[in-house]
Amino acid sequence: MGMTMSQKILAAHAGLDEVKAGQLIEAKLDMVLGNDVTSPVAINVFEENGATAVFDNTKIAMIMDHFTPNKDIKAATQVKQVRTFADKYDIKNYKDVGQMGIEHALLPEQGLVGPGCLCIGADSHTCTYGALGAFSTGVGSTDMAAGMISGKAWFKVPSAIKFNLVGKPQGYVSGKDVILHIIGKIGVDGALYKSMEFSGEGLKYLNIDDRLCIANMAIEAGAKNGIFPVDDITREYCNGRYQGTPVEYTADEDAVYDEEYTIDLSTLKSTVAFPHLPENTKTIDEIGEKEIKIDQCVIGSCTNGRISDLRVAASVLKGRKLAKNVRCIIFPGTQQIWLQAMHEGLFDIFVEAGAVVSTPTCGPCLGGHMGILAAGERAISTTNRNFVGRMGHIDSEIYLASPAVAAASAVTGYITDPEKL
Amino acid sequence: MNAKGTVHKFGDNVDTDVIIPARYLNTSSHKELAAHCMEDIDSDFVSKVKDGDIMVAEKNFGCGSSREHAPIAIKASGISCVIASTFARIFYRNAINIGLPILECDEAATDIKDGDTVSVDFNTGVITNETTGKTYNAEPFPEFIQDIIKKGGLIKSIM
Chain A
45 MGMTMSQKIL AAHAGLDEVK AGQLIEAKLD MVLGNDVTSP VAINVFEENG
95 ATAVFDNTKI AMIMDHFTPN KDIKAATQVK QVRTFADKYD IKNYKDVGQM
145 GIEHALLPEQ GLVGPGCLCI GADSHTCTYG ALGAFSTGVG STDMAAGMIS
195 GKAWFKVPSA IKFNLVGKPQ GYVSGKDVIL HIIGKIGVDG ALYKSMEFSG
245 EGLKYLNIDD RLCIANMAIE AGAKNGIFPV DDITREYCNG RYQGTPVEYT
295 ADEDAVYDEE YTIDLSTLKS TVAFPHLPEN TKTIDEIGEK EIKIDQCVIG
345 SCTNGRISDL RVAASVLKGR KLAKNVRCII FPGTQQIWLQ AMHEGLFDIF
395 VEAGAVVSTP TCGPCLGGHM GILAAGERAI STTNRNFVGR MGHIDSEIYL
445 ASPAVAAASA VTGYITDPEK L
Chain H
292 MNAKGTVHKF GDNVDTDVII PARYLNTSSH KELAAHCMED IDSDFVSKVK
342 DGDIMVAEKN FGCGSSREHA PIAIKASGIS CVIASTFARI FYRNAINIGL
392 PILECDEAAT DIKDGDTVSV DFNTGVITNE TTGKTYNAEP FPEFIQDIIK
442 KGGLIKSIM
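Order-wise, the sequence lines are chains A and H. Count along the first sequence from 1, then add 44; that gives the number in this note's numbering. Count along the second sequence from 1, then add 291; that gives the number in this note's numbering.
Treat the hints as calculated values from the structure; they're not laboratory data. Note that the structure is predicted; figures quoted are calculated from it, not measured. Among the clues, some could well be false.
As the list claims (entries may be wrong) - A few chain H positions that, by computed beta-carbon distances, are all more than 10 Å from chain A:
(1) Ala325
(2) Lys404
(3) Asp407
Claimed, not checked - In silico DSS-like pairs for lysine-lysine, Cα to Cα no more than 25 Å straight-line:
(4) H:Lys441 x A:Lys200
(5) H:Lys441 x A:Lys72
(6) A:Lys464 x A:Lys337
(7) H:Lys322 x A:Lys115
(8) A:Lys196 x A:Lys132
(9) A:Lys313 x A:Lys337
Ideal Cβ positions, reconstructed from N, Cα and C, are used throughout, including at glycine.
Just chain A, same shape as in the assembly (with noise of 0.2 Å):
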């Protein structure tokens, strides 16, 4: 029976010619992460167990992203515990303010990970890395602290959903309509424990950061990790980038899946997951044209705060005003997509729509800091959750969109469909 993508770059790290759906396998990690909230539960368990050496101070990433400037005491006092163990390790990948980035953007861009690779993260959204042709996975901070001393995690080997990808996406359709409007098919446990595999001519039209925000929501439908094959679009991306070997796994002609679903990008529309929960999807057109009235509009994250999700934003701000009473923050994902933003001009679109563009931070998305929502608030948000209470009280309300989506509706007051604008 043959194997699945990432069945086959499991069985590769674990030393096996091959492995099966629930088998119980130990790997070998080329990158273990972990971020200010779950790197210091994992230094406290890596200490309390006596441990004294980490298996490799190249393979491992301590980004300090979520409450970062450091939002109150408690954070800085987190953040100074991490960057103490990362001196007295000599973690070479530990980012503070002024080199980190969101997690997620910087360790495709620093080429940190990439294909082939196998990555654990204390942080859900690592399965982002999925969609360089990774098998990444998001852990807890006790897994991450075993991979630090170990450079080893368990994982039972997943069986596979195939999403067979076809037809172009048009207007303003990006990665995080797909990814929203499948989830609103399979719902939010719809692939748990399991890989989702996307392939198919489609791939073609969606650039690395379409993937990325893709791979990037897999864990919202439950999976393990989502994964794309690698083409000339990921090489184009990760060559002189990943610090690596990049090494190239498919999947078997006779790979078996649990379910198969073909989605033709060509029919998709703008998708919106209204609260409280990303399998709540609605088509824009299902929505009226003054029926959701916002407060706030999110733009950025480890979802979408990409140069092209910044640049699709301003094509939709450029020469115009964000509605009377919405505040518009804008997130870039790292302090490279910070400067080329600048350098493209885009700060200028956004500012003089009345936007304001912030440090690369997780910042709103987790309800930390930077834009907190009140009670009875609703925010448009870019990001990833829109659980209750997510961005502040849990009398708030967020609606998942992509950035066109997002920034339209900055501008109208009320979610819109940026084709009407």
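Position chain H relative to chain A; hints supplied.
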């Protein structure tokens, strides 16, 4: 090893943001996390929960963030065991890794009501609803995971 306690019942898709809201993730203190456990889904939970109580929920419990603070907060609040129809996978790993007993049993999770008294035998996976007298059999852990639990958690199993 056994557990017995009063049930705190929740529904589908209880996410880690309501188990422990991110505004409290600026600490890793177990006690501080426990003080805000379930705050955004049941603001009275912390005042109601007693040592040994059991949490029961339906499908996809613990979905969302990978924060280990979620099972830590539940364990530190005094909960002795979580029973659910299904668990989100990162929460499932985290619970095992930190030694919070969890059991998947759809029938029990659906039947058992808030306030029932439930006992659990972890060796056999038998769940007894002492209020109704009904028993259920939960899926036992695979041997590999039982081994991690026996050794006292993931780190102890690798060191």
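Could you work out which of the previously given hints the structure breaks and list their numbers from low to high? Of the numbered hints given earlier, the structure breaks none, since each of them holds.
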